[in-house]
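Novice: Protein chains in written order, with the numbering used here: chain S, 1 to 481; chain X, 1 to 98.
Bear in mind the hints are in silico, worked out from the structure with no lab data behind them. Virtual Cβ for every residue (Gly too), placed ideally from N, Cα, C. You can take every hint at face value.
Looking from chain X toward chain S, a few residues come up when the C-beta cut is under 7 angstroms (computed):
{"id": "1", "residue": "Val-23"}
{"id": "2", "residue": "Lys-26"}
{"id": "3", "residue": "Val-30"}
{"id": "4", "residue": "Ala-33"}
{"id": "5", "residue": "Val-37"}
{"id": "6", "residue": "Val-40"}
{"id": "7", "residue": "Ala-44"}
{"id": "8", "residue": "Pro-46"}
{"id": "9", "residue": "Leu-60"}
{"id": "10", "residue": "Gly-64"}
{"id": "11", "residue": "Ile-67"}
{"id": "12", "residue": "Val-71"}
{"id": "13", "residue": "Gly-75"}
{"id": "14", "residue": "Leu-82"}
{"id": "15", "residue": "Leu-91"}
Residue-level listing of the chains:
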Amino acid sequence: MSLAPQVLPWAAALALALPLLAGAACFVVGGRTAAALALGVAVLSSAAGLVLAAGVADGGVQRLALGGWAPPLGIAWRIDGVAALAVALTGFIFAAVLVHAEKSLDLLRGEGLSEAFRPLALVLLGGLNALYMANDVFNLYVTLELVTLAAVGMVALAGDSAAALRYLLVGVIGALAYMLGCGLLYAAFGTLDLDLLAGRVQPGGTAGAALALMIVGVMAKGALFPLHGWLPPAHGSAVAPASALLSGVVAKGGFYVLLRLWLDVFPATGAAPAAAQILGTLGALAVLWGSLQAIRQTRLKVLLAYSTVAQLGYLMVSLPLIATAAGHASGLAGALHLMASHACAKAAMFLAAGSLIATRGHDCLADLKGAAHDHPMTAFTLGLAGMTLMGLPPSGGFIAKWLLLDASLRSGQWWWAAVILGGSLLAGVYVFLAVSWSMSRPPGEPSDSQPPPLPRRLEFAALALALVAMALGLVSAERIP
Amino acid sequence: MFIILGAVLFALGLYGAFARRNVVLKLVAVNIASSGVFLVVVSAAPTLPDGGTDPLPQALVLTGIVISVAVTAFGLALARRLATDEGRATLDDKEDSS
Numbered sequence: 001m002s003l004a005p006q007v008l009p010w011a012a013a014l015a016l017a018l019p020l021l022a023g024a025a026c027f028v029v030g031g032r033t034a035a036a037l038a039l040g041v042a043v044l045s046s047a048a049g050l051v052l053a054a055g056v057a058d059g060g061v062q063r064l065a066l067g068g069w070a071p072p073l074g075i076a077w078r079i080d081g082v083a084a085l086a087v088a089l090t091g092f093i094f095a096a097v098l099v100h101a102e103k104s105l106d107l108l109r110g111e112g113l114s115e116a117f118r119p120l121a122l123v124l125l126g127g128l129n130a131l132y133m134a135n136d137v138f139n140l141y142v143t144l145e146l147v148t149l150a151a152v153g154m155v156a157l158a159g160d161s162a163a164a165l166r167y168l169l170v171g172v173i174g175a176l177a178y179m180l181g182c183g184l185l186y187a188a189f190g191t192l193d194l195d196l197l198a199g200r201v202q203p204g205g206t207a208g209a210a211l212a213l214m215i216v217g218v219m220a221k222g223a224l225f226p227l228h229g230w231l232p233p234a235h236g237s238a239v240a241p242a243s244a245l246l247s248g249v250v251a252k253g254g255f256y257v258l259l260r261l262w263l264d265v266f267p268a269t270g271a272a273p274a275a276a277q278i279l280g281t282l283g284a285l286a287v288l289w290g291s292l293q294a295i296r297q298t299r300l301k302v303l304l305a306y307s308t309v310a311q312l313g314y315l316m317v318s319l320p321l322i323a324t325a326a327g328h329a330s331g332l333a334g335a336l337h338l339m340a341s342h343a344c345a346k347a348a349m350f351l352a353a354g355s356l357i358a359t360r361g362h363d364c365l366a367d368l369k370g371a372a373h374d375h376p377m378t379a380f381t382l383g384l385a386g387m388t389l390m391g392l393p394p395s396g397g398f399i400a401k402w403l404l405l406d407a408s409l410r411s412g413q414w415w416w417a418a419v420i421l422g423g424s425l426l427a428g429v430y431v432f433l434a435v436s437w438s439m440s441r442p443p444g445e446p447s448d449s450q451p452p453p454l455p456r457r458l459e460f461a462a463l464a465l466a467l468v469a470m471a472l473g474l475v476s477a478e479r480i481p
Numbered sequence: 001m002f003i004i005l006g007a008v009l010f011a012l013g014l015y016g017a018f019a020r021r022n023v024v025l026k027l028v029a030v031n032i033a034s035s036g037v038f039l040v041v042v043s044a045a046p047t048l049p050d051g052g053t054d055p056l057p058q059a060l061v062l063t064g065i066v067i068s069v070a071v072t073a074f075g076l077a078l079a080r081r082l083a084t085d086e087g088r089a090t091l092d093d094k095e096d097s098s
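Next up, chain X with everything else stripped away, as it sits in the complex (with noise of 0.2 angstroms):
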């Protein structure tokens, strides 16, 4: 139940990180793939022989909730200097028309 959920979440994310223009909503939607991650991980957790959870996904989770929390700060910080550096909050797709 949770997993499919976790993956819903991942899938709009990834579709929000692609389709959104504005580089603040790409953020917003990388984390919200991320939090479908985490679900996944979690609700994934063998269960140990005396019927508990295996703690060891939390623990991997509890890392990548720290990472995230420090790329969307990062993310957020370059979003700012584009903003007051080109007066822009999309990263215009022009690639070098590859």
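Bound conformation, chain S alone (with noise of 0.2 angstroms):
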């Protein structure tokens, strides 16, 4: 397919307005003219990151200088194949949590949520979109401040103030850190352009520190381990389709700008190996510590949340395996995986809680039982992202697993195998844990009372989500080296 050169700036701009305006425009407009608009937005955004990586897989690596203003004076865009599928699959998956939303919400807290819910959906869509496509450090500052803002908008939808402030406080804090760093780096190397950056630094003081205090930042904007603190409060008690966006799209986000100076910057300023080790030893921890926290949960979403912080300690044991020359192709591409796989496996289950929330009214794993009696499809979608969580095969998650153990040995680091051996296994225990409820029968008689019942597109919307965590298993199996 050859694609003019100038679909391609159309497309990477609709992915960044089309959310916004919408977003605006859904406070004037509402009801189900505003439920519709966002649905076709959600998908269009999609549309758009699909037309993108067809450009990219077409004509290589897209850069598009706004305005027409180069860098060093302007601010561009690149726009390479991990972007355009990031905006695609985000596209897709809020595409999924809207249809689910409109439902849910209303059913979980009487009319009127899903108003407030959707203009913060797509203005987070919008944030999301341009910080994948961000090429500036400082952009990557102002975009993670934008998803920021409307996460915790997000959090603060259940009515739980103190879990929001708290995610806000962190979230400024990191941000505050962050911006130091830029500031130093300007400072020192006089641009905040990546590519530009990745030339000009020195190895020194100044780059080591600008990017102490940018990483630090960054950490606590993504919950990486140990800044995680504020994250199973806040996606524990948010509703669950926000939560879906939260644990799914949004908490990957620190690990995008994360990557993005790992690959860009850091391997300039020679300090990479050393930082490697320690950022590694650090996601060991949040994998045993995450999942052994979401071991002992007694509810359903907050057990998700700490999964979450599990997971993301994955995406922190690649980095070693990164920075390594042998490990490196596998090493990114497993990460990679598993930021995907986990994106939409983590948003199907929370949407799966939210149904079972929405007819249940709670989401105490004793009072489970009988849930998949009632509802199959929805116990089906929980298993079925369970096993991506767990890295079974055929799942993406499973190609994730694998592609980082293979970059662990083949650079000859078998710890990190071990860790990610070992953090699988406490997954399937607690995967277990959340499955197993639902499948037992409750107490007593089996009764002939009628279950509660669940509107279709809600149990389709998660079912959905898993299935394609479950094909990008299958998609790419023929690609693994």
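Dock chain one against chain two, each of which comes alone in its own frame, and use the hints as you go.
Specialist: Shown next, in the form of structure tokens:
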């Protein structure tokens, strides 16, 4: 397929501007029009991502200079395959979540909550799309702030102001550390453009301090261990569709920025190997600690939130693998696979949890007995997405972990392989906990009463996400080295 | 000189944000910390060949101030809701015992 070069800038601009404009429009129009608008924009954004991906496959990495001003004077976007596919996948996840939210939010809290959900979701989508395409450390800061503000608003929707405030404060402090790092980088090297920085950065105290500040800031934003404390209360207390977006997509934003810095700026500082070991160790702790906490939980959503902490740990474990020459290719591919498959799977699980909450009014694990009997499709979704978390073949999570294992053995760092395998075992335990409660029969006689009704589209939205998480493994299996 | 002052403000604000229990005081502390960051970024700006100061960090700080205003307003709104809904002005650190 050959795409005219004029199409790509439009697709990129569409992915950014359309959600933001539609988000504003949702305040003006309401009801069904707004619902259709929001869903349409999410689908269009996903389509724009596919167009960009085709363009990248066709013509290589795209660099767009905004307003025709090239760096160092202007600001450029860079759209590589990762960014394009991230735009496409994010749009798809938002579309599924919006379908779910239209029904489940009103079931949950009465009319009106979905009116507030739509604009926030659209602003979040626009911010994320901008984040994927930014090629400038300061633009990354601005887009991260946009995403954080919308995400805090989503947490506040559920009414838990304390969790939202804690998230906001951690986010702001992280952003300040990041911005201080940006200022130092500019003072020392005179540019903020990632491509230019990659060529100019010299090893030394300034670069080291700047990058350390930026990484700590991004870790606070992305809930990377040990700065994850705000995530479980925030994601556990938010309404389920909001948790699906936050845990599935937003949580990866911090790591995405970290990865961009890691690939472009870090190699030039000479500090990569040491920093990689530190971050990898923190990641290993996150895998263990998050999984153990998840096993201890008694509520499904909090369990899923701690599982997110653990899964983000895997991403950090990938850094020491990427830092070596032998493990670079498969380590990077593994990290990206994990981000994509976990995004779909975790969103599916939160939506399934939301469906159960919508009918039962709570998500206590012990009281989920009989859920699989009443709502087999939702329980199936939980199990299917759980396979991706555990990394069972043929799920997307299996391919991701396989690649990471491959990278750790290729680079001779077998201890990371032990972490990955041990984490999968623990994930098996907590997924089993979640699924087994729903499979067990309620005590006493099997009741003849009708199960509480559950709109079909709630179940299908969650199932679609779980199926995509599974399909990611099948589609990419033939490309594995 | 201003860089050191900015760093001190940042550290003070950071300390306040963690040490204070009242949410409004936390937000004030975050604002002090951001003033420190802005001061560092502006005063660390490189000098241009003609002797002037590179204006780009000032543009960055302007953006930063806008974001900081928005965040503070949002934080205060949340703090107000915390006060009206639950009658408290602190984030008590129950934190699910971890």
